[in-house]
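Colleague: Sequence:
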Amino acid sequence: IYVVVLFNNNIFKGELEINTQDDYSDHISLHYKISNPDTNYSSLLCEYSASNGIIWDSANIIGDVDSLAVEDWVGDILWDSYSDLPGQDISDLLFRITPFTASDTGRAGLVFFHLDNNRTPVVQLNSLAGERWLDIDITYQLSDAENDSLGLLCEYYDSTSKLWKSASITGDT
10 IYVVVLFNNN
20 IFKGELEINT
30 QDDYSDHISL
40 HYKISNPDTN
50 YSSLLCEYSA
60 SNGIIWDSAN
70 IIGDVDSLAV
80 EDWVGDILWD
90 SYSDLPGQDI
100 SDLLFRITPF
110 TASDTGRAGL
120 VFFHLDNNRT
130 PVVQLNSLAG
140 ERWLDIDITY
150 QLSDAENDSL
160 GLLCEYYDST
170 SKLWKSASIT
180 GDT
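If you read the sequence shown in the working numbering, its first letter stands for residue 10, the second for the next number, and so on.
Hint data in this document are derived by calculation from the structure and do not stem from the laboratory.
A hint or two may mislead.
Unchecked claim - Quick list of the computed label-pair ranges, beta carbon to beta carbon:
#, residue 1, residue 2, range
1, 160, 49, 55 to 63 Å
2, 123, 84, 20 to 28 Å
3, 72, 47, 21 to 29 Å
4, 110, 132, 50 to 58 Å
5, 112, 84, 18 to 26 Å
6, 147, 89, 36 to 44 Å
7, 153, 62, 28 to 36 Å
8, 159, 97, 15 to 23 Å
9, 147, 171, 42 to 50 Å
10, 132, 80, 46 to 54 Å
11, 110, 150, 53 to 61 Å
12, 71, 49, 23 to 31 Å
13, 180, 97, 26 to 34 Å
Every residue, glycine too, gets a C-beta built ideally from N, C-alpha and C.
Construct all of the structure, not just a fragment, from the sequences and the given hints.
Modeller: Structure, rendered in structure tokens:
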């Protein structure tokens, strides 16, 4: 009895990497590599999941990921995450690429990362004319694209100490 074991490292697959940083937003660059021993062309299906892999949605990729020639099997894709998930802040977003041809589908490459497409709130202070002292009324306008609950940190700059200090305020912040 002879036992023959064959190891095939030429598996049709996609590999995916993302640079290490705390969080990502807007246009996200992901590095990919395709391995496909059976053809000269492969395409990439790019998807994301905000539901821990239960539901996958097509990612809005900037650029072409169809019929990639062998010389394009290593490169970067650019995902326009804000157009797919505007205002979303997702701790463990999953992103995958699946290489495919007309006749075969490869093994997917997967990464997860923190997506933070939540826009920074904006405060607009109205101008004050002339010198002011004692109680000063300051009017302002807050805006937040996601309509989050906001609070204010009120400080003033002390030019003597060269420090920002907490302001004494009345009213709700």
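Colleague: For each hint, tell me whether it holds in the structure or not.
Modeller: Now the hints, each set against the structure:
1. The beta-carbon spacing between residue 160 and residue 49, approximately 58 Å, falls within the hinted interval of 55 to 63 Å.
2. Between residue 123 and residue 84 the CB atoms are about 24 Å apart, so this pair conforms to the stated range of 20 to 28 Å.
3. Taking the beta carbon of each, residue 72 and residue 47 are about 25 Å apart, inside 21 to 29 Å as hinted.
4. Take residue 110 and residue 132: their Cβ atoms lie about 53 Å apart, and the range 50 to 58 Å holds.
5. Restraint check, residue 112 to residue 84: a C-beta distance of roughly 23 Å satisfies the suggested window 18 to 26 Å.
6. Our hint of 36 to 44 Å for residue 147 and residue 89 holds, since their Cβ atoms are close to 39 Å apart.
7. A C-beta distance of roughly 31 Å is found between residue 153 and residue 62, which places it inside the suggested range of 28 to 36 Å.
8. For residue 159 and residue 97, the Cβ-Cβ distance of about 18 Å falls inside the hinted range of 15 to 23 Å, so the restraint holds.
9. For the pair residue 147 and residue 171, the supplied restraint of 42 to 50 Å is violated, since their beta-carbon distance comes to about 22 Å.
10. For residue 132 paired with residue 80, a C-beta distance near 50 Å keeps the hint of 46 to 54 Å intact.
11. The beta-carbon spacing between residue 110 and residue 150, approximately 55 Å, falls within the hinted interval of 53 to 61 Å.
12. Judged by the Cβ atoms, the range 23 to 31 Å given for residue 71 and residue 49 holds: they are separated by roughly 25 Å.
13. Take residue 180 and residue 97: their Cβ atoms lie about 32 Å apart, and the range 26 to 34 Å holds.
Of the hints listed earlier, the one the structure fails to meet is number 9.
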